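Going by our numbering, the residue at position 84 of the sequence shown is 84; the numbering climbs one at a time, nothing skipped.
Calculated from the structure, these hints are not laboratory results.
Bear in mind the structure is a predicted one, so any value in this text is a computation, not a measurement.
Hints may contain errors.
[Stated by the list, open to error] Computed Cβ-Cβ distance ranges for the label pairs, DEER-style:
{"id": "1", "residue 1": "S89", "residue 2": "I41", "range": "41 to 49 angstroms"}
{"id": "2", "residue 1": "K18", "residue 2": "S67", "range": "54 to 62 angstroms"}
{"id": "3", "residue 1": "K2", "residue 2": "I75", "range": "15 to 23 angstroms"}
{"id": "4", "residue 1": "M52", "residue 2": "V81", "range": "32 to 40 angstroms"}
{"id": "5", "residue 1": "A42", "residue 2": "V79", "range": "14 to 22 angstroms"}
{"id": "6", "residue 1": "K78", "residue 2": "V9", "range": "31 to 39 angstroms"}
{"id": "7", "residue 1": "A42", "residue 2": "L13", "range": "44 to 52 angstroms"}
{"id": "8", "residue 1": "K25", "residue 2": "I76", "range": "19 to 27 angstroms"}
{"id": "9", "residue 1": "K83", "residue 2": "I50", "range": "21 to 29 angstroms"}
{"id": "10", "residue 1": "E12", "residue 2": "V36", "range": "14 to 22 angstroms"}
{"id": "11", "residue 1": "H65", "residue 2": "N21", "range": "37 to 45 angstroms"}
{"id": "12", "residue 1": "K73", "residue 2": "N21", "range": "44 to 52 angstroms"}
[Stated by the list, open to error] Derived pair list, reagent style BS3-like, types lysine-lysine, alpha-carbon separation capped at 30 angstroms:
{"id": "13", "residue 1": "K83", "residue 2": "K27"}
{"id": "14", "residue 1": "K18", "residue 2": "K87"}
{"id": "15", "residue 1": "K73", "residue 2": "K27"}
Cβ atoms here follow ideal geometry from the backbone N, Cα and C, with glycine treated the same way.
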Amino acid sequence: EKVCIEFDVDIELVQSQKACNTEMKYKSVLTFGKAVILKDIAEKKEALDIIMHHYYNHDSLSAFHYSGEALEKVIIIKVKVEKMTGKES
Numbered sequence: 001e002k003v004c005i006e007f008d009v010d011i012e013l014v015q016s017q018k019a020c021n022t023e024m025k026y027k028s029v030l031t032f033g034k035a036v037i038l039k040d041i042a043e044k045k046e047a048l049d050i051i052m053h054h055y056y057n058h059d060s061l062s063a064f065h066y067s068g069e070a071l072e073k074v075i076i077i078k079v080k081v082e083k084m085t086g087k088e089s
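Make a model of the complete structure from these sequences and hints.
This is the structure:
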């Protein structure tokens with residue numbers, strides 16, 4: 001399935017005395033690609049390890065353990081990026 005994902009950061013309302021001059025500052029990235037639902041348990045574990053490593057900052061990606069039931073139930077969607085564009089205001 002084709003997908004588009006948007007990421008926005010540094011969002012700020014810039015107010016003006018005139019309503020028509022009010023604007024938004026932002027940085028935005030649009031990513032286009034194909035979505036694939038991971039079914040392989042090893043791929044799911046690898047994806048979860050990457051996510052957990054990002055938030056917990058462990059030295060080793062193998063430090064996380066998941067129950068078999070959790071790995072069966074979790075749904076992970078991998079996006080194979082084909083095109084990416086960015087904009088800043």
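Against the structure, the hints:
{"no.": "1", "hint": "S89 / I41: 41 to 49 angstroms", "verdict": "holds (43 angstroms)"}
{"no.": "2", "hint": "K18 / S67: 54 to 62 angstroms", "verdict": "holds (58 angstroms)"}
{"no.": "3", "hint": "K2 / I75: 15 to 23 angstroms", "verdict": "holds (19 angstroms)"}
{"no.": "4", "hint": "M52 / V81: 32 to 40 angstroms", "verdict": "violated (22 angstroms)"}
{"no.": "5", "hint": "A42 / V79: 14 to 22 angstroms", "verdict": "holds (19 angstroms)"}
{"no.": "6", "hint": "K78 / V9: 31 to 39 angstroms", "verdict": "violated (22 angstroms)"}
{"no.": "7", "hint": "A42 / L13: 44 to 52 angstroms", "verdict": "holds (45 angstroms)"}
{"no.": "8", "hint": "K25 / I76: 19 to 27 angstroms", "verdict": "violated (33 angstroms)"}
{"no.": "9", "hint": "K83 / I50: 21 to 29 angstroms", "verdict": "holds (22 angstroms)"}
{"no.": "10", "hint": "E12 / V36: 14 to 22 angstroms", "verdict": "violated (35 angstroms)"}
{"no.": "11", "hint": "H65 / N21: 37 to 45 angstroms", "verdict": "violated (55 angstroms)"}
{"no.": "12", "hint": "K73 / N21: 44 to 52 angstroms", "verdict": "holds (51 angstroms)"}
{"no.": "13", "hint": "K83 / K27", "verdict": "holds (17 angstroms)"}
{"no.": "14", "hint": "K18 / K87", "verdict": "holds (25 angstroms)"}
{"no.": "15", "hint": "K73 / K27", "verdict": "violated (35 angstroms)"}
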